[in-house]
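> Combine the two chains into a complex, taking the hints into account.
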Amino acid sequence: MLQVESLMKSFDDFMAVNGANLTVDKGEIVAVIGPNGAGKTTLFNLITGALKRDRGRIVFKGEDIGELPPYEICKKGISRSYQIVNIFPRLTVFGNVQVAVLSHQRRSSNLFRPAQGIAVNETKSILESMGLSDKEKSIAGSLSHGDQKILEIAIALGNEPELLILDEPTAGMSPEETQATMELVKRLANQRGLTILFCEHDMDIVFSIAQSIMVMRHGQTIIQGSLEEVRNNKEVQEAYLGGE
Amino acid sequence: MFKNVVRSKRFGLVAAIFVVLFILPLFVPRFFVYIFALIYVTSLLAMSLNMVVGHGGLFQFHHGVFYGVGAYAVALMLTKSSLPMWFGFIVGPVVAAIIGLIIGWFCVRLTRLYFGMLQISLGSLIWAIVFRWYSFTGGDDGIHGIPMPSLISSLNSSYYFILIILVICLILMYMILKSPFGNTLQAIRDNSQRCEAIGINIKRYQLGGIVVATFFAGVAGVLFVVLERSVFPDLLFWVLSLEIFIMCLLGGWFTFAGPLLGAAITVALRTFVGRYTEYWTLILGIILILVIFFLPEGVMGFFQDLFKPGTKKVAERGKG
Numbered sequence: 001m002l003q004v005e006s007l008m009k010s011f012d013d014f015m016a017v018n019g020a021n022l023t024v025d026k027g028e029i030v031a032v033i034g035p036n037g038a039g040k041t042t043l044f045n046l047i048t049g050a051l052k053r054d055r056g057r058i059v060f061k062g063e064d065i066g067e068l069p070p071y072e073i074c075k076k077g078i079s080r081s082y083q084i085v086n087i088f089p090r091l092t093v094f095g096n097v098q099v100a101v102l103s104h105q106r107r108s109s110n111l112f113r114p115a116q117g118i119a120v121n122e123t124k125s126i127l128e129s130m131g132l133s134d135k136e137k138s139i140a141g142s143l144s145h146g147d148q149k150i151l152e153i154a155i156a157l158g159n160e161p162e163l164l165i166l167d168e169p170t171a172g173m174s175p176e177e178t179q180a181t182m183e184l185v186k187r188l189a190n191q192r193g194l195t196i197l198f199c200e201h202d203m204d205i206v207f208s209i210a211q212s213i214m215v216m217r218h219g220q221t222i223i224q225g226s227l228e229e230v231r232n233n234k235e236v237q238e239a240y241l242g243g244e
Numbered sequence: 001m002f003k004n005v006v007r008s009k010r011f012g013l014v015a016a017i018f019v020v021l022f023i024l025p026l027f028v029p030r031f032f033v034y035i036f037a038l039i040y041v042t043s044l045l046a047m048s049l050n051m052v053v054g055h056g057g058l059f060q061f062h063h064g065v066f067y068g069v070g071a072y073a074v075a076l077m078l079t080k081s082s083l084p085m086w087f088g089f090i091v092g093p094v095v096a097a098i099i100g101l102i103i104g105w106f107c108v109r110l111t112r113l114y115f116g117m118l119q120i121s122l123g124s125l126i127w128a129i130v131f132r133w134y135s136f137t138g139g140d141d142g143i144h145g146i147p148m149p150s151l152i153s154s155l156n157s158s159y160y161f162i163l164i165i166l167v168i169c170l171i172l173m174y175m176i177l178k179s180p181f182g183n184t185l186q187a188i189r190d191n192s193q194r195c196e197a198i199g200i201n202i203k204r205y206q207l208g209g210i211v212v213a214t215f216f217a218g219v220a221g222v223l224f225v226v227l228e229r230s231v232f233p234d235l236l237f238w239v240l241s242l243e244i245f246i247m248c249l250l251g252g253w254f255t256f257a258g259p260l261l262g263a264a265i266t267v268a269l270r271t272f273v274g275r276y277t278e279y280w281t282l283i284l285g286i287i288l289i290l291v292i293f294f295l296p297e298g299v300m301g302f303f304q305d306l307f308k309p310g311t312k313k314v315a316e317r318g319k320g
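Sequences listed follow chains Y and P, in order.
Going by our numbering, 93 is the number at position 93 of the first sequence; the sequence numbering is gapless.
Going by our numbering, 154 is the number at position 154 of the second sequence; the sequence numbering is gapless.
Only chain P is shown next, with the shape it has when bound in the complex (with noise of 0.2 Å):
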């Protein structure tokens, strides 16, 4: 009963802040409707890599390739292909999920650090083909000006359409989460010899789990090309998948919407700091180490905690 009543009230709560921020254009100005878009966007990309990283358990270093590729897979088919303008965005998260599975394929058969460092070099190797075929994905330009469809070309429509992605694909990732794929996923992240000692082909599932994630992250890059209608080299570099490691970090990577709140406090310090000075990252520095020295679960995981009493002394002895 009890539990029915917490989980109802917190049911409320989600809906609560969704249902502002579906009004959230009628009341702030256009600037800040772009800085909440870019905020759902960012938010996907660093749930899609916590979806490895946190849960998985994964070393997914260059998880920002496959934003890129989303991103870069919708922008070719809108400038250079006849095809309806919407197949491109299914095109987008699946040609990233493609994407995935090869590099996947290759990293599995390594573990920890050794996948982590095979990632960044296979992914870096796409960023180099991206960054010199000029002829084909325009080079360190990029491309400027990609046509959308009507229904999504204001900025306040274009707000909407990548808010309900963002709520389909959250609900989505909750449901995967909590699914017998999602368990034995954590078990895996938990404890991957003794999976293999019931019966689980880890590398299956990992795999199966990079696929998942990278899919969703394709998802995050055609919403970029949905706020932004440009794309280039930078989306692929290996800088931005720091950072979005960072947001999962930052937010609390073992919770499910730690990384949503990662974003948010690292796109917020970037638009209101970077004002300042160029130098943001090293405020984001500062509140990184205070987080791993005093929050080790995470800002998310901090408030988890708060509420419900036990769990910290938990997590504690889980890492021993």
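Isolated chain Y (complex conformation) (with noise of 0.2 Å):
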């Protein structure tokens, strides 16, 4: 579903992505891990379309989308929630999916007909999926920073994505908001089909819902295979899983 081709992207003198090569195959659920620094929210910005990449591919679903501006890929179907928390904090927990719902559907134009009535049961249902169904009127900017990061993941999926993009979704969380975060994000995988691409630090978070993994350093792709093959792989284990 996705390929990305030997990725270069430099920041003045700073390679920050320097030869990532990453293949997510649908209904996958990948894995990328590195050090701090390794080029990880980098890569998913490049994918994206936050940052344009200075060379190499990045095909999604047959077709090159590396010169597209952000809002004409997530129209292609990749969406994606934020290390930092990146909502909308004035508007309510419901308005924040809403305006994503909308936008899905190309209403977001529509000049005269209120916002309260349209696109309403799609936003509840997402809502009730991530269990934000009771603070659905609350303003978003004061919510728990753990719920901040569930809503984060609801706004992504207002879109009706098939390709999720999660950097670093339990970034802050507690260990049982961490644990139960990464459950929602698995049974989501599997009621809506969706192909999730993400990164972590907990390495037992990775190893446990991750069906593949692509480990990068100094912007670079050390390997991508499965579990097993990560785990064995002897440069990885130098580099990082024997490091700690």
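Read the hints as simulated data drawn from the structure, not as lab findings.
Be aware that a few hints might be false.
[To be verified] Below 30 Å or equal to it, Euclidean Cα-Cα: the simulated DSSO-like pairs (lysine-lysine) are: (1) Lys137/Y <-> Lys178/P; (2) Lys137/Y <-> Lys186/Y; (3) Lys76/Y <-> Lys9/P; (4) Lys76/Y <-> Lys203/P; (5) Lys124/Y <-> Lys137/Y; (6) Lys61/Y <-> Lys75/Y; (7) Lys52/Y <-> Lys203/P; (8) Lys75/Y <-> Lys203/P; (9) Lys124/Y <-> Lys80/P; (10) Lys178/P <-> Lys135/Y; (11) Lys124/Y <-> Lys26/Y; (12) Lys9/P <-> Lys135/Y; (13) Lys52/Y <-> Lys75/Y; (14) Lys178/P <-> Lys26/Y; (15) Lys9/P <-> Lys137/Y; (16) Lys186/Y <-> Lys135/Y.
[As the list claims (entries may be wrong)] Label pairs and their calculated CB-CB ranges: (17) Ser121/P <-> Glu229/Y: 54 to 64 Å; (18) Phe293/P <-> Ser129/Y: 22 to 32 Å; (19) Glu183/Y <-> Ser121/P: 52 to 62 Å; (20) Phe207/Y <-> Thr111/P: 41 to 51 Å; (21) Phe293/P <-> Glu235/Y: 57 to 67 Å; (22) Phe293/P <-> Gln116/Y: 28 to 38 Å; (23) Ser121/P <-> Ser6/Y: 54 to 64 Å; (24) Trp133/P <-> Leu111/Y: 26 to 36 Å; (25) Ser129/Y <-> Leu24/P: 36 to 46 Å; (26) Glu72/Y <-> Gly274/P: 46 to 56 Å.
[Stated by the list, open to error] Chain Y is nowhere near these chain P residues, computed Cβ spacing over 12 Å in every case: (27) Ser8; (28) Leu13; (29) Phe36; (30) Trp86; (31) Ile102; (32) Leu110; (33) Ala128; (34) Tyr174; (35) Gln186; (36) Ser230; (37) Leu269; (38) Leu290.
Keep in mind that this is a model prediction, so the values were computed, not measured.
Backbone N, C-alpha and C fix where the C-beta goes; we use that ideal spot for every residue, glycine too.
Next up, the structure:
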């Protein structure tokens, strides 16, 4: 579904991504791991169009999406959540998700119909599956950090993506919240037939839900393979797993 | 249930206020009728600015231009063409929206302060044209004694006309604010990066917001001509743009009706304090400083917080 081939991106003299390769097949859960500063977030920013690549190819469903602006890439079926909470703090929880649903249904430019009555069911069903129903009228900025991270994912679901990219979905969460969130993600993947690409620091989580793992270091892909292959790879052990 | 009651109560309050405003000319002297009409015109202008500033998060620093363009368009139509008079009333807002589209098309390419700077430059360009083009616009003399349709030629009838148009515009603006488009615009204000990531072409929506806002500014310009029967280049000068920006700040730019209140306060100060000293802006400045320090959500925002406990903290967190 998604192929990334020898992708490069530099900021001034610093090569943030320097030869990343990644394959994500439909229905798969793929994790990207690597030490801090390995270029994981930059890679996600390149895939979703938030940053422009310098070189390399990003192919989604057979089409090179490297030159498209973020909103076009979203319309192709890629949604993302962010490592640092990135929501609409002044809108309600309901409003946060509804904006995405309206955008997905191409109804955002409707000028005179009250938004109150549009896309309500779709929005509510997302809130329900994320366990946010009881907070739908709260102002998003007033939620706890954990809930904001969940809302973060809920907004991304509003676009009914085929490929959902989660950038450290559990960053800043307590161990219990982390556990619950990852189970939620797993359930979502099953229920909605989502393909998920995520990055995460907690190795237990990665090895418990990912089907394929890509390891990055200094902006470069060391290996992508099954859990066994990654665990047994010497270079990975040296660079990352064993080093801790 | 409860929500419905609160809502109908609020609706009742708003309706009562407008009923009082409608019968006002029967009780107060002419001077006050004029001042109230002026407040309505200024309110509409401030409200239109707030659509892009408060709800759209754009630094529309030179909104006065579109007010002036609307006013000049109708003034020129009424004095220089033989087309039906009422036709000019439609032309004003449309021309303002077209100029809004052109200036906005350039401005949305930039963000934040740069957006504002470019807007000031392009707006000042239009001011300069109006100011210098004596043969067409009357230059710095402006145009005076503009004929009005007889239906709205007296002060009282123009008062009613302005009030009715204001009410219609407020209803339209409220509908737009609560529509998917309005919600999307507010989402862009809150977080434009995220909006792009959920498939929203933010520049297109910002431009759309500017066109709608400049249309309403044009309506305000037309109403100004109805009230004053004259136009002059000061309508497009940046000082006025700053003044309406202050009105939004003063009233509370995250509220719907805040700018209305801000406009009323500013016009009242200019009229009643301005009578004693030409330095009335000094008092406006002091009030503004106090508002920014003690009521960061504006006067209207403050009252809303009073009646809706819990929202104040949210607003503070929202900034973080």
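> Looking back at the numbered hints, which does the structure fail to meet, lowest number first?
Checked against the structure, the hints that fail are numbers 3, 9, 14, 18, 23, 25, 34 and 35, while the rest are satisfied.
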